[in-house]
Amino acid sequence: MEQILQKIYNMTAFSAIAENPSFLIMYALAFVLLYLGIKKKYEPLLLIPIAFGVLIANFPGGDMGVSAVDGNGMVKLADGTMKCIWDMSLPSIAHDLGLMNFIYYMLIKTGFIPPIIFMGVGALTDFGPMLRNLKLAIFGAGAQFGIFAVLLVACNFFTMKESASLAIIGGADGPTAIFTTIKLAPHLLGPIAIAAYSYMALVPVIVPLVVRLLCTEKELKINMKEQDKLYPSKTEFKNMRVLKIIFPIATTTIVALIVPSAVPLVGMLMFGNLIKEIGSDTGRLFDAASNSIMNAATIFLGLSVGATMTVDAFLNWTTIGIVVGGFFAFGLSIAGGILLAKLFNLFSKKKVNPLIGATGLSAVPMASRVANEIALKYDPRNHVLNYCMSSNISGVIGSAVAAGILISFLG
Amino acid sequence: MDENITEALKLMLVGMATVFAVLYLIIGASNLLIAFVNRFVGEDEKPAPKAQSQGATINPAVSQAISQAVNIATGGKAKVDNIKPL
Numbered sequence: 001m002e003q004i005l006q007k008i009y010n011m012t013a014f015s016a017i018a019e020n021p022s023f024l025i026m027y028a029l030a031f032v033l034l035y036l037g038i039k040k041k042y043e044p045l046l047l048i049p050i051a052f053g054v055l056i057a058n059f060p061g062g063d064m065g066v067s068a069v070d071g072n073g074m075v076k077l078a079d080g081t082m083k084c085i086w087d088m089s090l091p092s093i094a095h096d097l098g099l100m101n102f103i104y105y106m107l108i109k110t111g112f113i114p115p116i117i118f119m120g121v122g123a124l125t126d127f128g129p130m131l132r133n134l135k136l137a138i139f140g141a142g143a144q145f146g147i148f149a150v151l152l153v154a155c156n157f158f159t160m161k162e163s164a165s166l167a168i169i170g171g172a173d174g175p176t177a178i179f180t181t182i183k184l185a186p187h188l189l190g191p192i193a194i195a196a197y198s199y200m201a202l203v204p205v206i207v208p209l210v211v212r213l214l215c216t217e218k219e220l221k222i223n224m225k226e227q228d229k230l231y232p233s234k235t236e237f238k239n240m241r242v243l244k245i246i247f248p249i250a251t252t253t254i255v256a257l258i259v260p261s262a263v264p265l266v267g268m269l270m271f272g273n274l275i276k277e278i279g280s281d282t283g284r285l286f287d288a289a290s291n292s293i294m295n296a297a298t299i300f301l302g303l304s305v306g307a308t309m310t311v312d313a314f315l316n317w318t319t320i321g322i323v324v325g326g327f328f329a330f331g332l333s334i335a336g337g338i339l340l341a342k343l344f345n346l347f348s349k350k351k352v353n354p355l356i357g358a359t360g361l362s363a364v365p366m367a368s369r370v371a372n373e374i375a376l377k378y379d380p381r382n383h384v385l386n387y388c389m390s391s392n393i394s395g396v397i398g399s400a401v402a403a404g405i406l407i408s409f410l411g
Numbered sequence: 001m002d003e004n005i006t007e008a009l010k011l012m013l014v015g016m017a018t019v020f021a022v023l024y025l026i027i028g029a030s031n032l033l034i035a036f037v038n039r040f041v042g043e044d045e046k047p048a049p050k051a052q053s054q055g056a057t058i059n060p061a062v063s064q065a066i067s068q069a070v071n072i073a074t075g076g077k078a079k080v081d082n083i084k085p086l
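Top line first, the protein sequences correspond to chains U and B.
In case it helps, our numbering puts the first sequence at residues 1 to 411.
In case it helps, our numbering puts the second sequence at residues 1 to 86.
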């Protein structure tokens, strides 16, 4: 009887958890992320699949965690033997390592999902606010400062490729961070993706924090509509529809000529946008890109990225370094945008609310929404959303270009 | 270590310069595009605004749907007295 009870105990996850209580830390992490996603509604479409992926990956015996692979691609199988993952076919990965490894190696490790997500983001993005406020788009460049600043510090502790993958968290763009990490330091994909998406989810906390540190009340009260009345724009738009159709084609061409390695991201972003702007003729493609394909890609990305966060992969100094470095990259990017806006105000008659600089990091549209709420707190008539969207959208292009540069130089 | 810092500094300079250059080019190209479209492409065909008389009325079915929606949303606490088209 005792033997049977012992066997039952060994069959359950309790025995392994009792042997290695670190699993409890992972459950706590999963519950915190689930709480942020469900209750606080921080990026729930991403955070909830990621958090659930973390949860199911950490039940011993469940085989839902993505197996850790060493620098030579060697992975430990259930029977204890080592095998090179690159010599394994997809069916044998599914058979030997479980369903989550199959999804991960087929969709994520190949770099397939990030451009697909970018296509969906493009299909959901309206470049109208950027075209109407073109000058403000330059703040999307200033807000990439955190990427390169953290690269400079991180290279003292990590290899250059690892540092670049960590630093790209400052771009505040999940798919870009994943795409860059797959190319440069695939072994760090789990913690980097988690850090990137967690900080994106925490935009409502981080942006106000940095803004409070760097901006005065007077600056935050700069009313953009009043500035527009004082210094009206001379640009008129006779045919916005045609403009919006040509814009993604022109942008793809410019980026492709200067930074070809950014084309998988920017090209797909602009393709998604093009099929949206053409209208009814490509309505079915737009519907697929923005709904079914985007939603399926988000589910697979979230779950499998979450599943990379196993006890072995997460609870180590490298991950802690990534979490800390990622936070600074994120904060410095926001600061870079704010400081560029302040610099702009020194030389321009037409003042810019520094919140528009703060939204130069990608995180569309949450960063703009948060900035708008901050502006309304100081002046209930000061709606800056449309202005922030300009720098926010250009930040997506900026971070993809920054990723392209890192991949070109270090890949 | 020093080599890494030198390379990171180079990357910082090249990276920031390229990001600024690309976004400036996009801004410049967009300005050219706006000028081109304004000059060579006709004005956007906007649907003619629907004429609305002063005493325009709301379709009774729409009015009933709005009343029911308000009723459900407020748990019967609010009542719709008047609906005016904007």
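Be careful, since some hints might not be right.
Stated by the list, open to error - Quick list of simulated restraints, FRET-style, between CB atoms:
hint: 1; chain 1: B; residue 1: ALA29; chain 2: U; residue 2: LEU24; range: 27 to 33 angstroms
hint: 2; chain 1: B; residue 1: LEU13; chain 2: U; residue 2: ASN156; range: 30 to 36 angstroms
hint: 3; chain 1: U; residue 1: ASN316; chain 2: B; residue 2: LEU13; range: 31 to 37 angstroms
hint: 4; chain 1: B; residue 1: LEU9; chain 2: U; residue 2: LEU213; range: 57 to 63 angstroms
hint: 5; chain 1: U; residue 1: LYS342; chain 2: B; residue 2: VAL70; range: 15 to 21 angstroms
hint: 6; chain 1: B; residue 1: ALA65; chain 2: U; residue 2: GLY62; range: 47 to 53 angstroms
hint: 7; chain 1: U; residue 1: LYS41; chain 2: B; residue 2: ILE72; range: 20 to 26 angstroms
hint: 8; chain 1: B; residue 1: LEU32; chain 2: U; residue 2: LEU213; range: 34 to 40 angstroms
Said to hold, decoys possible - With a Cα cut of at most 25 angstroms, we get these calculated SDA-like pairs of lysine to any residue:
hint: 9; chain 1: U; residue 1: LYS135; chain 2: B; residue 2: VAL80
hint: 10; chain 1: U; residue 1: LYS234; chain 2: B; residue 2: ASN4
hint: 11; chain 1: U; residue 1: LYS244; chain 2: B; residue 2: ASN82
hint: 12; chain 1: U; residue 1: LYS244; chain 2: B; residue 2: LEU33
hint: 13; chain 1: U; residue 1: LYS350; chain 2: B; residue 2: ILE66
hint: 14; chain 1: U; residue 1: LYS234; chain 2: B; residue 2: VAL70
hint: 15; chain 1: U; residue 1: LYS244; chain 2: B; residue 2: ASN38
hint: 16; chain 1: U; residue 1: LYS238; chain 2: B; residue 2: ASN38
No lab work stands behind these hints, which were simulated from the structure alone.
All residues carry an ideal CB built from backbone N, CA and C; glycine is no exception.
Do the hints match the structure? See the list:
| no. | hint | verdict |
| --- | --- | --- |
| 1 | B:ALA29 with U:LEU24: 27 to 33 angstroms | 55 angstroms, violated |
| 2 | B:LEU13 with U:ASN156: 30 to 36 angstroms | 18 angstroms, violated |
| 3 | U:ASN316 with B:LEU13: 31 to 37 angstroms | 33 angstroms, holds |
| 4 | B:LEU9 with U:LEU213: 57 to 63 angstroms | 26 angstroms, violated |
| 5 | U:LYS342 with B:VAL70: 15 to 21 angstroms | 47 angstroms, violated |
| 6 | B:ALA65 with U:GLY62: 47 to 53 angstroms | 49 angstroms, holds |
| 7 | U:LYS41 with B:ILE72: 20 to 26 angstroms | 23 angstroms, holds |
| 8 | B:LEU32 with U:LEU213: 34 to 40 angstroms | 39 angstroms, holds |
| 9 | U:LYS135 with B:VAL80 | 46 angstroms, violated |
| 10 | U:LYS234 with B:ASN4 | 47 angstroms, violated |
| 11 | U:LYS244 with B:ASN82 | 40 angstroms, violated |
| 12 | U:LYS244 with B:LEU33 | 10 angstroms, holds |
| 13 | U:LYS350 with B:ILE66 | 45 angstroms, violated |
| 14 | U:LYS234 with B:VAL70 | 44 angstroms, violated |
| 15 | U:LYS244 with B:ASN38 | 13 angstroms, holds |
| 16 | U:LYS238 with B:ASN38 | 5 angstroms, holds |
Checked against the numbered hints above, the structure violates hints 1, 2, 4, 5, 9, 10, 11, 13, 14; every other hint is satisfied.
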